[in-house]
Amino acid sequence: MKSRNLAILLTTGLVCSLAACSSDSSDAGGGGVTITVACQPAKTAAKQRQAWNDDVVAFEKAHKGVKVKSTDQQPCFDPKTFAAKLAGGQMETVFLVPVTNYADVIAKKQAKDITSLTGQVKNFGDIKQDVRDMVTEGGKVYGVPNVSYSVGLVYNRKLFKEAGLDPEAPPKTWDEVRTAAEKIAGLGDGYVGYGEYGGGNVGGWHFAQAIFSRGGEMVTDGKAAFNSPDGKAVLQTLHDMRWEDDSTGSKLLIGWEALMQQMAAGKTGMMLGAPDVVTDVVQKFQGKKDDYGIAGIPEGKASLTGGEAYMVNPKASAAETKAALQWIDFQFNTPGKGRLDYVRGKANGEAVGVPNNDYMGESVTGQKIAEDRKANAALPVDYYQPYVETSKGVELKLEPAKAQELYAVLDVAMSAVLTRENADIDKLLSDAETKANAILARG
1 MKSRNLAILL TTGLVCSLAA CSSDSSDAGG GGVTITVACQ PAKTAAKQRQ AWNDDVVAFE
61 KAHKGVKVKS TDQQPCFDPK TFAAKLAGGQ METVFLVPVT NYADVIAKKQ AKDITSLTGQ
121 VKNFGDIKQD VRDMVTEGGK VYGVPNVSYS VGLVYNRKLF KEAGLDPEAP PKTWDEVRTA
181 AEKIAGLGDG YVGYGEYGGG NVGGWHFAQA IFSRGGEMVT DGKAAFNSPD GKAVLQTLHD
241 MRWEDDSTGS KLLIGWEALM QQMAAGKTGM MLGAPDVVTD VVQKFQGKKD DYGIAGIPEG
301 KASLTGGEAY MVNPKASAAE TKAALQWIDF QFNTPGKGRL DYVRGKANGE AVGVPNNDYM
361 GESVTGQKIA EDRKANAALP VDYYQPYVET SKGVELKLEP AKAQELYAVL DVAMSAVLTR
421 ENADIDKLLS DAETKANAIL ARG
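For what it's worth, the working numbering labels the leading residue of the sequence shown as 1, then goes sequentially.
No lab work stands behind these hints, which were simulated from the structure alone.
The reader is advised that the hints may include incorrect statements.
[To be verified] Ranges between beta-carbon positions, derived for each pair:
| no. | residue 1 | residue 2 | range |
| --- | --- | --- | --- |
| 1 | Glu162 | Asp240 | 16 to 26 Å |
| 2 | Asp240 | Gly164 | 34 to 44 Å |
| 3 | Ser317 | Asp166 | 55 to 65 Å |
| 4 | Lys47 | Gly215 | 39 to 49 Å |
| 5 | Lys251 | Ala318 | 46 to 56 Å |
| 6 | Lys43 | Thr173 | 39 to 49 Å |
| 7 | Ala441 | Gly164 | 49 to 59 Å |
| 8 | Ala83 | Lys47 | 25 to 35 Å |
| 9 | Ala169 | Ala441 | 43 to 53 Å |
Just so we're clear, the structure is a prediction, and the values are computed from it rather than from any experiment.
Ideal Cβ placement from N, Cα and C applies to all residues, glycine included.
Work out the full structure: start from the sequences and follow the hints.
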């Protein structure tokens, strides 16, 4: 799902000097080329927006004859308007696509085949192979990934200490999560041990995260597979935490930001989430940076993975396509500048230090990114090591076909166990399975 993160764009750029970049790309895109690019930071993020605008100026200086026009839209991916905008030919020259939409965009020929041009992105070969495979179909490449993530357990270290729990030994199983959540909720009125969603597609999305962690599946051979012992365990555990332990809180959370706001307020102990949750909690919602840690996903059988890539409008000319790929290279995929300019990011008050993106893996570029991030960290990186170490050995699973529609179906089950003590879990899963199979059968 990951659209929740697309508005959080840290500023980026190049590892080479401007002079070097200019010298090897002085003919970028040819003369008189104008490209439109998505994801300019919002006006409310004044420093990040100015950094972006500065990067546009630097790019244009290094690539003579190329003009960049930024789209002033945040979040830059909106699932409510994306399909219509794409079908209507209104996409920018360079536009962002979340992993859930890769296959559909490629199948409908709404992204340009850039196979022969990936050399314009100098470190394209350092992107992890499995991540590149996601934008490859029939041996042809249709995008440049710039985000890849897996899910962990975000937790409040301060509340762990107050509840008599060891923040250096976060929960590793769902039983341990339940035990810790009950102790945190016992701190007093308004404390929530474990936060979860019940609507807005994020409930079903978190159901997928939880069932994968237990070793279950969402879809197998084109049919729903979540009506299983693992699926039942997800809902039963959540039901029991709500009604037996009173550790999930009584408020039904719908929007993605609702739980992060609750975490930032300092009275919620744990939630599932990729590391960039900490970025949002600290940077956007003013949570205290020293309060949060990240652990591996409970049970650790598998983790939902996701991400995003930049694709090029199929209507782009050869010159526009070349300039588009050079912009992607300049702004999103090179250490030390632009989005990955951690020196500038730290100076701008960004939450530098969270291991929120591993799309380059252990490659030379990946190691450089990690070194730069640690060297300029504004957050306590040691608090995230349980996640870093654990996530290396966790199997990654993609979101299922028709993900958003399936998540909407499973929202019903998630909200039911959080709002009805007598919720019939078997019936909820059976009804969801029937609806899901009808969705999947439509192809």
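Now for the hints, and whether the structure bears them out:
no., hint, in the structure
1, Glu162 to Asp240: 16 to 26 Å, "holds, 24 Å"
2, Asp240 to Gly164: 34 to 44 Å, "violated, 22 Å"
3, Ser317 to Asp166: 55 to 65 Å, "holds, 59 Å"
4, Lys47 to Gly215: 39 to 49 Å, "holds, 44 Å"
5, Lys251 to Ala318: 46 to 56 Å, "holds, 54 Å"
6, Lys43 to Thr173: 39 to 49 Å, "holds, 45 Å"
7, Ala441 to Gly164: 49 to 59 Å, "holds, 51 Å"
8, Ala83 to Lys47: 25 to 35 Å, "holds, 33 Å"
9, Ala169 to Ala441: 43 to 53 Å, "holds, 46 Å"
Violation of the numbered hints given earlier is confined to hint 2; every other hint is satisfied by the structure.
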